[in-house]
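Participant: Quick note, the sequences are listed as chains A and B, same order. Start counting the first sequence at 1; every next residue gets the next number (our numbering). Start counting the second sequence at 1; every next residue gets the next number (our numbering).
One thing to keep in mind: the hints can contain errors.
[Said to hold, decoys possible] Below, computed lysine-lysine pairings styled on DSSO-like, alpha-carbon distance capped at 30 Å: (1) A/K274 - A/K241; (2) A/K157 - A/K100; (3) B/K654 - B/K564; (4) B/K261 - B/K249; (5) B/K652 - B/K564; (6) B/K261 - A/K100; (7) A/K241 - A/K268; (8) B/K652 - A/K108; (9) B/K420 - B/K30; (10) B/K249 - A/K108; (11) B/K564 - A/K157; (12) A/K241 - B/K249; (13) A/K100 - B/K249; (14) B/K420 - B/K39; (15) A/K109 - B/K249; (16) B/K42 - B/K564; (17) B/K261 - A/K109; (18) B/K42 - B/K30; (19) A/K157 - B/K261; (20) B/K39 - B/K652.
[What the hints assert, rightly or not] One side only, chain B facing chain A, incomplete, derived with CB under 8 Å: (21) E243; (22) V244; (23) M250; (24) R256; (25) Q257; (26) M259; (27) W260; (28) V262; (29) P265; (30) V266; (31) T268; (32) D402.
Just so you know, the hints here were simulated from the structure itself, not pulled from any lab data. Predicted model only: the values in this text are computed from it and were never measured. Just so you know, even glycine gets a beta-carbon here, dropped at the ideal spot from N, CA and C.
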Amino acid sequence: MTNPRPVKLDCRNVWKLYGTGADRLLQDHVAPTLDDMREAGLIGAVRDASVQIHEGEIFVIMGLSGSGKSTLVRCLSRLIEPTAGEVNFEGRNLLTVPEKDLIEIRRKKMGMVFQQFALLPHLTVLQNAAFPLDVQGVDRATREARAREVVELVGLKGREDYYPRELSGGQQQRVGIARSLAVEPDLWFLDEPFSALDPLIRREMQDEFLRLQALLHKTIVFITHDFDEAIRLADRIAVMKDGEIVQTATPEELVLNPATDYVGEFTKHIPRAKVLRLSSIMSPGDAESVAGQLPGTARVEDVADQIEAADLPFRVIDGAGEAIGTVDGRAVIDVLIGRSHG
Amino acid sequence: MTALRRPYIFWLALFAVTWALSRWSFPLYKALDARWIIKFPKAWELPLEGWISAAMAWLVESATFGLFTFRDLTRFISALIEAPYDLVRNLLVDGFQTGLGQNAVEVAPSLSWIAVIAVVGALAYYAKDWKLAVLVGACFLYLAIFGQWESAMVTLASVLISVPMGAVGGLALGILSYRYQWFERALRPMLDLMQTVPVFAYLVPILFLFGFGPVSALVATIIYAMPPMVRITTVALQTVPPEVHDVGKMTGCTRRQMMWKVLVPVATPTLMVGVNQVIMLSLNMVIIASMIGAGGLGFDVLGALRRLDIGAGVEAGLAIVVMAVALDRLSQAFAVRERGHAITGGFVKRHPWGVTVVLVIVGTFLAGQFLPALQTYPDGATVTTSRFWSGAIEWINVNFFDTFEAIKVFFLNWLMLPVKRFFGGIPWPWGVVALGLIGWRLGGWRLGLLCAVMTLFIAASGLWPKAMVTVYLCGVSVLIASVIGIPLGVLAAQNERAGGIIGGFIDTLQTLPSFVYLIPVVMLFRVGDFSAMIAVVLYALAPAVRYAAHGIRSIDPGMIEAGKVSGCTRRQLLWRIKLPLAAPSLLLGLNQTIMLALSMLVITALVGTRDLGQEVYIALTKANTGQGIIAGLSVAFIAIIADRIVTALARKSKERLGLEA
Ligand SMILES: Nc1ncnc2c1ncn2[C@@H]1O[C@H](COP(=O)(O)OP(=O)(O)OP(=O)(O)O)[C@@H](O)[C@H]1O
Ligand SMILES: [Mg+2]
Numbered sequence: 001m002t003n004p005r006p007v008k009l010d011c012r013n014v015w016k017l018y019g020t021g022a023d024r025l026l027q028d029h030v031a032p033t034l035d036d037m038r039e040a041g042l043i044g045a046v047r048d049a050s051v052q053i054h055e056g057e058i059f060v061i062m063g064l065s066g067s068g069k070s071t072l073v074r075c076l077s078r079l080i081e082p083t084a085g086e087v088n089f090e091g092r093n094l095l096t097v098p099e100k101d102l103i104e105i106r107r108k109k110m111g112m113v114f115q116q117f118a119l120l121p122h123l124t125v126l127q128n129a130a131f132p133l134d135v136q137g138v139d140r141a142t143r144e145a146r147a148r149e150v151v152e153l154v155g156l157k158g159r160e161d162y163y164p165r166e167l168s169g170g171q172q173q174r175v176g177i178a179r180s181l182a183v184e185p186d187l188w189f190l191d192e193p194f195s196a197l198d199p200l201i202r203r204e205m206q207d208e209f210l211r212l213q214a215l216l217h218k219t220i221v222f223i224t225h226d227f228d229e230a231i232r233l234a235d236r237i238a239v240m241k242d243g244e245i246v247q248t249a250t251p252e253e254l255v256l257n258p259a260t261d262y263v264g265e266f267t268k269h270i271p272r273a274k275v276l277r278l279s280s281i282m283s284p285g286d287a288e289s290v291a292g293q294l295p296g297t298a299r300v301e302d303v304a305d306q307i308e309a310a311d312l313p314f315r316v317i318d319g320a321g322e323a324i325g326t327v328d329g330r331a332v333i334d335v336l337i338g339r340s341h342g
Numbered sequence: 001m002t003a004l005r006r007p008y009i010f011w012l013a014l015f016a017v018t019w020a021l022s023r024w025s026f027p028l029y030k031a032l033d034a035r036w037i038i039k040f041p042k043a044w045e046l047p048l049e050g051w052i053s054a055a056m057a058w059l060v061e062s063a064t065f066g067l068f069t070f071r072d073l074t075r076f077i078s079a080l081i082e083a084p085y086d087l088v089r090n091l092l093v094d095g096f097q098t099g100l101g102q103n104a105v106e107v108a109p110s111l112s113w114i115a116v117i118a119v120v121g122a123l124a125y126y127a128k129d130w131k132l133a134v135l136v137g138a139c140f141l142y143l144a145i146f147g148q149w150e151s152a153m154v155t156l157a158s159v160l161i162s163v164p165m166g167a168v169g170g171l172a173l174g175i176l177s178y179r180y181q182w183f184e185r186a187l188r189p190m191l192d193l194m195q196t197v198p199v200f201a202y203l204v205p206i207l208f209l210f211g212f213g214p215v216s217a218l219v220a221t222i223i224y225a226m227p228p229m230v231r232i233t234t235v236a237l238q239t240v241p242p243e244v245h246d247v248g249k250m251t252g253c254t255r256r257q258m259m260w261k262v263l264v265p266v267a268t269p270t271l272m273v274g275v276n277q278v279i280m281l282s283l284n285m286v287i288i289a290s291m292i293g294a295g296g297l298g299f300d301v302l303g304a305l306r307r308l309d310i311g312a313g314v315e316a317g318l319a320i321v322v323m324a325v326a327l328d329r330l331s332q333a334f335a336v337r338e339r340g341h342a343i344t345g346g347f348v349k350r351h352p353w354g355v356t357v358v359l360v361i362v363g364t365f366l367a368g369q370f371l372p373a374l375q376t377y378p379d380g381a382t383v384t385t386s387r388f389w390s391g392a393i394e395w396i397n398v399n400f401f402d403t404f405e406a407i408k409v410f411f412l413n414w415l416m417l418p419v420k421r422f423f424g425g426i427p428w429p430w431g432v433v434a435l436g437l438i439g440w441r442l443g444g445w446r447l448g449l450l451c452a453v454m455t456l457f458i459a460a461s462g463l464w465p466k467a468m469v470t471v472y473l474c475g476v477s478v479l480i481a482s483v484i485g486i487p488l489g490v491l492a493a494q495n496e497r498a499g500g501i502i503g504g505f506i507d508t509l510q511t512l513p514s515f516v517y518l519i520p521v522v523m524l525f526r527v528g529d530f531s532a533m534i535a536v537v538l539y540a541l542a543p544a545v546r547y548a549a550h551g552i553r554s555i556d557p558g559m560i561e562a563g564k565v566s567g568c569t570r571r572q573l574l575w576r577i578k579l580p581l582a583a584p585s586l587l588l589g590l591n592q593t594i595m596l597a598l599s600m601l602v603i604t605a606l607v608g609t610r611d612l613g614q615e616v617y618i619a620l621t622k623a624n625t626g627q628g629i630i631a632g633l634s635v636a637f638i639a640i641i642a643d644r645i646v647t648a649l650a651r652k653s654k655e656r657l658g659l660e661a
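Generate the whole structure from the sequences, applying the supplied hints.
Facilitator: The structure is reproduced here in C-alpha cells:
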C-alpha cells in the first residue's frame, strides 16, 4: 500500500544494544544474531528497526512487555542514543544535530505523553500544562491562556488549580496529554499512555484521543502492548518482538496476512469484524439492484446490521464515489462467524 | 565437620592469645626487659603533632595567595558570617543600636516575645495545622515563662544563621556531586571522615583560624551539619524517577532548567528531610559550640555543670529539649506539607498569616513602647523551677544514694573494670597484629592492611593507652545499648502498641542534642566512667532499636508462615527464624550504634573520662591544633576500623543467608 503523504519521521536500521562493548559487536557483525549478542553478554533492546512515519497518520508500535517499544520510541525522540542507525525528522538526522538544535526541535515540534504520567508534583494542573511554554520563556499571561485552552480541550476545565495528587489516574493522564499539546507539536509520541488506567477509563480515553486527533491531525507515534487498542486507533501498526519489527502493516493486512506465526497468534482471537473493511470482503464487479451504497473504508462491525437486514447486496464505493464491488449479507456473516471465505 | 569448626578455632585462638598477652604483658616486659612491649617508644613517635601545629601557624601568619593573605580570607569569611548573625541576633535579642559602648542608643528594640511566638505559631499553622501551632507556640511560651528566653533566642539566632548556610552549601555540593562523578568521588571520603571525626576535633583548628567567639561556633556548626545535606541531596536527585527526566528533556529544558525547574522541585520533599537534619544537627552543635563562644543555652548548661548547680542545669537542659522538639516538629511538618489548591483573591486573602504576623509584630512594637511587658517578658512573672529540681535531685540522692552507688559499683566491678583491664593490657604490637588479622579474616588482605596501618598510626602517635580506654568505654556502652535496644526493637516490631510507644520514645531521644544526656547522669552518678557510659548508652540506643525493629519487620512473611506450618512455637519462631534472618539488619544497627557511641564519648570527656575524648578536650582548651587533630583522627580511625569490620561481617551474614549475590 502506498501512502501519498510525505514522510515525517524516517528511522533506518536503528539498533540499541545494552551492555559494554556494544559498538564493537556492531562493527564486527553487520547484522548480529541473538546468539551473537548473548555470547557478547549484550541485550538487544532494539534490533535493526526501520519505520517510516507519514504526516498525519497514527502509527502504532505494538508488542509484548519487554519487546523494545519504549526503547525504540526513546531512540526516535533521542531520549537515548541509539547504538547505530539513523533517525531523520523532517529531513534532518536527529542523531547528529547539535544539542542546541535538538532542544529547539523538542520545544517546538515534539510532544510526548508518558505511561506513568510523569506530572510534576509541585505544579498545579495549569502550571503543568504550561510547563513546556514556561521552559521556552513564554510570558506568564500568554502561557496560562494557552494552558487554559488545552486543559479545556482535554476536559479538565474547573480543575486548573488542583495538584496532580488530587486527581484520578485518568485525569492525571489528561493533564499529561494537555501538557504535550501545549506547544502544538507536529510529532506526538505517546508511550503506553493508557496502560496504567482501568479498562473503562481506558476506553473513554481512547475515544477522547480519537476525538482530539480528528480535530488536530497530528503525526502520531503511539505505543501499546494491547492489540485491541492498536487496531482501534492505528492507521498502521508495527509489531515488535525481541527488539525486532516483525511486520509493519495496516490492521487489516495484519489480520489477513500475518507475516509470521507470532503475528498470527496475536491476531487470531481478534474479532475480524472489528478490523476488516468492506473493501477487503467485497466481491468485485457491480450489481444491478442494490440496497444502497457504502464506503469501502467502513468497518464490517459498524455496517453489519445494515447489510444483514437488507435483502439486496450493497454497492461498495471508493473515496471518489466510484463503485468498486458489492457486498451481501452472506459475506458479512462469514466474517462474523469466522468462516473462511473465497 | 572440621571445616565447620575451623572458623571458631581461629576466633578462639585469637581471643586466647590476646587475653594471655593482655594478662601477662607486664611480667613479659619485666622478663624480657623490653619496655617497648607496653609503651610505644618515644623515639619512634611520629612528630605529626608538631608539624600540624607549625603548618597551621604558617597558614595563619604568613600564607598568602598573592593578592590576599590567608588571614584576609578568614577575615572575609568571618565578616560574611558575622554580618547576618549580628542582624538576626539584634532582631531576636539585642535590639538595634547606633553608636558603640556607652554611647549606644537604641534605635529599635528586638522582636517582642509575643511577636516571636506569633511567628513560629503562624509558621506551624502554615506547615500543618492548629495543633502543631499550639504545640510550637507553647514550647516558646515555656521558654519565656521559665526565664530561658534570652539564652534560647541566642541559640535560635545561631541556628537561624547556620541552617540556611548549611542547607544551601550542602545543596550546592550535593548538586555538584550529582552532576560530576569525579567531584563525588573526591568528596565522598571527606564526608566519611567528617562524619567520623569527633566534633571537638574540628573545633580546635577552627578556633585557631577564627578565634574565640560566635563566628568559630557558627563555622563549626555549618561544617558539622552539612555532610548529611550533601548526601541527601545527591540521593534525592538520583532517585528522581526517570520519566521526570524524560519530561524535562522532551519539553526542551536546558541543563540549568532541568536542574532548577524539574529535578530540584521534584526532589524537594526529600531535600526537606535533609533540612530537618541540618536543623537538628545545628542545634546539637550550637550547644556544644557554646564552649568556643556561641553563648546561649549550651553555655548555661555548661556553666551549671561546672558549678554543679543542679537546678540551673536541668532548667537550661529542659529548655534545650523544648526547643529541639519545637524545631523538629516544625521542620518535619514542612517536609511533608502538601499544598492544597491555590487560594485566589486579594493580597490579604491570599496571605492571611503573613498579614496577621506583620500586624502582631507592629502592634507589639507600638504597644511595647508603653507597656514594656509586651516587649520583654517581665522578669517578675518568670517561674523558676531551679529550686524544685535541686530539691528533687537532692531528695533522690539522699534517699537512693545507696541504691545508685550499688548499681554503679556492681557495673564497675563486674563489667567495666575487667573489660578496661583487658583492653588496657593489650600490648600495642599485638593490637596492630590482631586487628590486621581480624580485618584479613573478614574482608581480605586489603582490609587487614587498612586496620593494621590505622592502628599503628594511633600507637605511633603515642595515644595507645587512651585509645584503649576509648575502645573499652565504647565497647561496654555498645554492648549495653544492644542488650537493651535489640529486645526493645524486637518487641516494637512484634507488637503494634508497644511499637508506637517505643517509636515515639526513640524519636524523642534522637531529637535531643547530645549535651542534654550529660545532665541527669552527672546529677545522679557524678563524674566518671560510669556516668559517661550511661550517657553514651542513652544517646546510642536509637539505632539499635530502629534497625532491630526494621530487620524483623522486613522479613519475608512467607518464611514466617513456613516456620509456623512446620510447627514452631513463638519462641522458636523468634530464635530460629526471625533473629537469624534479621542478622544483617542488626549488624547495621550495631554499626550505627558504634558510630553514635564514639561521637558521644568525645563529649563525655566533659564529665571526666580519660580517653581520646579527653585528649581532644585538652587540645581544645590549650588551642593546640596538632594535638587536637591527631587525637580526632585517632577517634576517626577507630570508627573507620569498626565500620569496615562490621560492614564486612554484615556482608558475610547476608551472603550466608543468600540475601545478596
Ligand atoms: N537501561 C537498560 N539497561 C539494560 N537493559 C535495558 C535497559 N532499558 C531496557 N532494557 C531492556 O531492553 C528490553 C526492552 O525494554 P523496553 O523498555 O523497551 O520494553 P517495552 O517494550 O517498552 O516493555 P513495556 O511494555 O514493559 O514497557 C528489555 O528486555 C529490557 O530489559
Ligand atoms: Mg515501555
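Participant: Hint by hint, note whether the structure agrees.
Facilitator: Status of each hint after checking the structure:
no., hint, in the structure
1, A/K274 - A/K241, "holds (24 Å)"
2, A/K157 - A/K100, "violated (35 Å)"
3, B/K654 - B/K564, "holds (23 Å)"
4, B/K261 - B/K249, "holds (12 Å)"
5, B/K652 - B/K564, "holds (27 Å)"
6, B/K261 - A/K100, "holds (18 Å)"
7, A/K241 - A/K268, "holds (17 Å)"
8, B/K652 - A/K108, "violated (55 Å)"
9, B/K420 - B/K30, "holds (22 Å)"
10, B/K249 - A/K108, "holds (13 Å)"
11, B/K564 - A/K157, "violated (55 Å)"
12, A/K241 - B/K249, "holds (28 Å)"
13, A/K100 - B/K249, "holds (12 Å)"
14, B/K420 - B/K39, "holds (17 Å)"
15, A/K109 - B/K249, "holds (13 Å)"
16, B/K42 - B/K564, "violated (63 Å)"
17, B/K261 - A/K109, "holds (21 Å)"
18, B/K42 - B/K30, "holds (19 Å)"
19, A/K157 - B/K261, "holds (25 Å)"
20, B/K39 - B/K652, "violated (36 Å)"
21, E243, "holds (4 Å)"
22, V244, "holds (6 Å)"
23, M250, "holds (4 Å)"
24, R256, "violated (11 Å)"
25, Q257, "holds (6 Å)"
26, M259, "violated (12 Å)"
27, W260, "violated (11 Å)"
28, V262, "holds (7 Å)"
29, P265, "holds (4 Å)"
30, V266, "holds (6 Å)"
31, T268, "holds (6 Å)"
32, D402, "violated (61 Å)"
In this structure, the hints that do not hold are numbers 2, 8, 11, 16, 20, 24, 26, 27 and 32, in rising order.
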